[in-house]
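Fit chain U to the supplied structure of chain D, relying on the hints for placement.
Number of protein chains: 2
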Amino acid sequence: MKVQIIAVGTELLLGDTLDTNSNYLSIKMRELGFDVYKRVVVGDNYDRLYKEIEEGLQQNDLIITTGGLGPTEDDITKKCCCDCLGKKMVLNEKSYAKLRKYFNEDEKAIQGNIKQCMFPEDAIVFENFNGTADCALIENNGKRILFLPGPPAEMKPIYENQVQQVLEQFATDCIISETLNISILGEWDMNERVKDIIESSNNPTVAPYFKKDKRILRITAKASDRQTALDMIAKKKQELRDRLGMYVFGENDETIEESVYKVLKEHDLSIMTSESITGGMIASKLVNVSGVSDYLKRSLVVYSNEAKIELLGVKAETIDTYGVVSENVAFEMVERMFEKFNVDCSISTTGFASGENAGLVYVGLGYKNTIKTLKLQLHGERNKIRNRVSNRALAELRLMILENVSRETF
Amino acid sequence: MKVQIIAVGTELLLGDTLDTNSNYLSIKMRELGFDVYKRVVVGDNYDRLYKEIEEGLQQNDLIITTGGLGPTEDDITKKCCCDCLGKKMVLNEKSYAKLRKYFNEDEKAIQGNIKQCMFPEDAIVFENFNGTADCALIENNGKRILFLPGPPAEMKPIYENQVQQVLEQFATDCIISETLNISILGEWDMNERVKDIIESSNNPTVAPYFKKDKRILRITAKASDRQTALDMIAKKKQELRDRLGMYVFGENDETIEESVYKVLKEHDLSIMTSESITGGMIASKLVNVSGVSDYLKRSLVVYSNEAKIELLGVKAETIDTYGVVSENVAFEMVERMFEKFNVDCSISTTGFASGENAGLVYVGLGYKNTIKTLKLQLHGERNKIRNRVSNRALAELRLMILENVSRETF
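Going line by line, the protein sequences match chains D and U. Once you know that position 225 of the first sequence is 234 in the working numbering, the rest is easy, because the numbers rise by one and skip nothing. Once you know that position 229 of the second sequence is 238 in the working numbering, the rest is easy, because the numbers rise by one and skip nothing.
Heads up, a few of these hints could be off.
In the DSS-like style, the derived pairs of lysine-lysine whose C-alpha atoms are separated by at most 30 Å in a straight line are [to be verified]: (1) D:231 <-> D:11; (2) D:324 <-> U:349; (3) U:223 <-> D:223.
Just so you know, the hints here were simulated from the structure itself, not pulled from any lab data.
So here's chain D without its partners, still in its complex pose:
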């Protein structure tokens, strides 16, 4: 099925609002095996929109519009879509009942907004639970138009809970992607380890990506139905996991802190951080995960030398001798956490976020009285460095725990 996506909204053309709907729908269309050859953004203008839809219908089987449905936008999009397919609108009882309820039987408001309840008789109407403008899929002679609301918080739930199952009946192929999230390994190292799998995988395909701070392997399967595609992906994921072992820390949206939390929970381990350069970012990431309070009781932000000495008990001598950004200080920070706070695992950070040596960072990692340190030389601006240190420290601690736990088992 050939699809064209049209985003409607003058605010998009002005650059006030970034259009993310079109990208979202592109991914969804690919999942159904539909082909998107073109996307368009136009303003809230009936004539221009009409022209786009009319032309689009000549080349495509399905036009999807987003936006231009609200009462203030005068329902441009809906009218335009219906006109293009030669559809008359009648009052939709379900939408009307919703409107009456919404405006609390206020007759004046209801009549002022009644256009929102008008749909072609044979339209498949989708209820908008997060806004007032319902939307629909309409059809004439095998040509279809789906019009969806503009706000992503309204559009996405409607698509996922109502539209997708309707469109699935037209799907010939199902194309699904999932990702494995990789930590610690560099780009080259990761590719070397799975090069043969990448090269020999045609369906599913395996592609490495380096997005921002994330290293991922994307596995994409094409099959006649969703379940088959998912099964194919599951098998390939296992093959990659067998190869990469503990470097795979999660799938899809899973973050490194969620992955660390799972390990803490599984092995019932308490954790604590003492952070200089990261300034509480690691603790804050961990606290992002619901349930972490069972394992993280406290942490310290020891940004100054005096805080490292007074709060944590690092020796002034160590700082004087080796400098505060040093392996020795990172090591001692972990040592003191074991002594003073009796935790199972700990992370310390000390480094330069700016200045001449910006990006030089020492991380200390502790697991049950084993201490290791790590020297990092990172690039980029202040907050990128701090974020990278945080993610790397969490990934390294996770690996350290897993390696030690597997050794303890023998």
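For chain U alone, kept in the frame of chain D given last:
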């Protein structure tokens, strides 16, 4: 000048890459007073791109393309643009010299990439300092095409440092927007205070926006040149600042933590946080600001009751009597920070991030032995709540300092 933007790239249509270039260029065109009536995304396909450019040239004075310039993409876009305007390409000496240098005089590589050095004789060529593909503005009979590279990190510097000044000669109007960032005031409250200014401002216009966690007033001026527009904005900003006073915490990209840092620096005040629900997020935000180490020496993440008692010295009795999420605990956390750490300012947080009472948060604020507490009832998911608490706490502390400082002055 009428402009159409065309983003080229199959990866865009597949949803692998979010097109942010078109939005960026929309804003830039608006700044020049150019009108963008339509944006298009097409794949790496010569025929489809040709059709789009050809049609676009009929309706517009300028077509801007991004993407499809790299050697692997076979220079589709450049060839297409030149063909559409009937332009022959010849070897561009400057690009050629750059290529020779890039490939270190390796004749085979140079010949393999020589297409990248071909441009129409009368093209205005823009050098790409962040990639190999140079780009250009070409013209025929008053119709113009500007082709730019796809990666934003290449496209934006070229636009800002080279293209903008060329396009400025065609600018009739200059339209510029700036924002004032507002804290603490709710949507309704903010609107009430500046309603008359908003209504009476035609040029510059003033528009309130509520984006994510940000409340802003956007001021947009239209003038014959950049400086006049900036002057008009400056005047309107002052009018709004006079009205909203300390609730304006910054402009454009300035964050609340940067604004707090400025206040700490101006009045030479030390700061510390003791965080339960925010788990180090407030400290981490402050550490985002370069130079904060002069004012923030340490902070505590006291996530558990025992940490509040042992690290900070909160009385077990207070927690038992009032509950750990209470005004009394927030108050005592600030009190203990004054006693134990002798800081000028401090922030404490205690609240529920999930569960039945999710979003109930108490914030304690301290400024030179004055303590105040704040009860918040927030909505949304865990991390939204934590982020809101952090921003609100920083904004409230800033206000508390400014109010007290202005009182001290009298």
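Going down the list of hints, with the structure as the test:
no.: 1; hint: D:231 <-> D:11; verdict: 17 Å, holds
no.: 2; hint: D:324 <-> U:349; verdict: 20 Å, holds
no.: 3; hint: U:223 <-> D:223; verdict: 27 Å, holds
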